[in-house]
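Student: Below are the chains, spelled out letter by letter.
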Amino acid sequence: MRIILFYDIDTTEKKGQRRLQKALKTARKYLTHVQKSVFEGNLTASGIERLKNEMLKVVDKEKDSLIIYILEDTTNYKREILTNIKDPTDNLI
Amino acid sequence: MGEVYYITTSGTLRRDENTILFENQDIKKKIPIENVSELFIVTEVSTNTKFFSLLSEYDIVAHFFNYYGYYIGSFYPRESKLSGHLIIKQVEHYLDKEQKLYLAKSFVIGSIINSEGIYKIDTKEHLEALKQASNTQEIMQVEGNFKKLCYKALEELTGWDFEARTKRPPQNPLNALISFGNSLVYAKVLGEIYHTPLNSTVSYLHEPSEKRHSLSLDMAEVFKPILSEGLIIELLKSKAITEKDFLEEAEYCYLNAEGRKKFLRAFDDLLKSTVYHPKLKRNVSLKTLIRLELYKLVKHLTGEEYYLPVNYHSLKR
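As they're listed, the protein sequences go chains A and B.
Here the first sequence is numbered in this note's numbering, starting from 1 and rising by one per residue.
Here the second sequence is numbered in this note's numbering, starting from 1001 and rising by one per residue.
All clues given are correct.
If you want the footprint, here are the derived chain A segments under chain B, 3+ residues with CB under 8 Å:
(1) 19 to 32
(2) 35 to 48
(3) 84 to 93
Don't read these hints as lab results, they were simulated from the structure.
Note that the Cβ used here is the ideal one computed from N, Cα and C, for glycine as well.
Whenever a hint applies, use it, and build me the whole structure from the sequences.
Tutor: In structure tokens:
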């Protein structure tokens, strides 16, 4: 299933900085980093559950925001890159 | 599940934190480990053991090709899907002359019926000759004769010169494309065998010799016409690949980096394209079709169902 994940980590305290680093590392394991706090990729149902679990261990549920879009495989969608950057999710490097 | 990643630019590949990092002077790219199913490394990279242990942890097969696009070998992680019972069955079928012949013929039949859809040549005579064949040598002969016809048709369809099949090194663009395409198919089939309990070294058409994953050569026969030759025809007809994409010298001819990229992109698109599977009653990708074919072989070996090679062109798109 296609996944889009983004977060907003509260970094007013020093602890927040560490959570931000950890969140980045965890998300990168599962998805491609496309923009500052936006990630994209394909995962199986079990992969999604593991991602959710791991991310929830990192973030502070009271202070941070963590949102995930799950597009079923049967969903039709169009994805356009409007600028001239190379597609970060490309599987041919 | 997950994506096949193709590395075509030189650099280093290593483990970084808990994922893969590809790095060179211009690019720094993290590859999400949970989303990798297989790696094709079609260039020169440097790497380390930590990278391999990460691949092993996630059951990821990595195939390596050298500077000229020659297949060097695969990193085949410690197998996690083992079945002693199936290995015994595999060997039984190898030792029994009739059983071995049945499977060897099946792979060639697969090759012939799938070639028929690509080249539109009459196959009746060859299938008949195959029926009469009583040993592997005769089967190989039938296959050889048939392949000659295919290559002739390939020349006519693409308008490129083929002359004769030359390997190590290939001497003209068509040969270079076939060499590259076929080695991708071998590697791809091997990558799928890894995820089944089949042992990749026990084979029926090709002799199981040491140092080779010969079962993947057997099964590749069924898929070469579709994934290699069919793709070549398409790429040349649509002029997606032209003379500029080759590195040609008097003695040899190879696809250059740009040509390889185009080929790999098309190969990946083809593997992802889907056909309707009448038995499963849903669309499956070609990648899955390879896996299903291997499961059919498992069923044959365990005596549940006779193996009959898939006729790709009879499946609805």
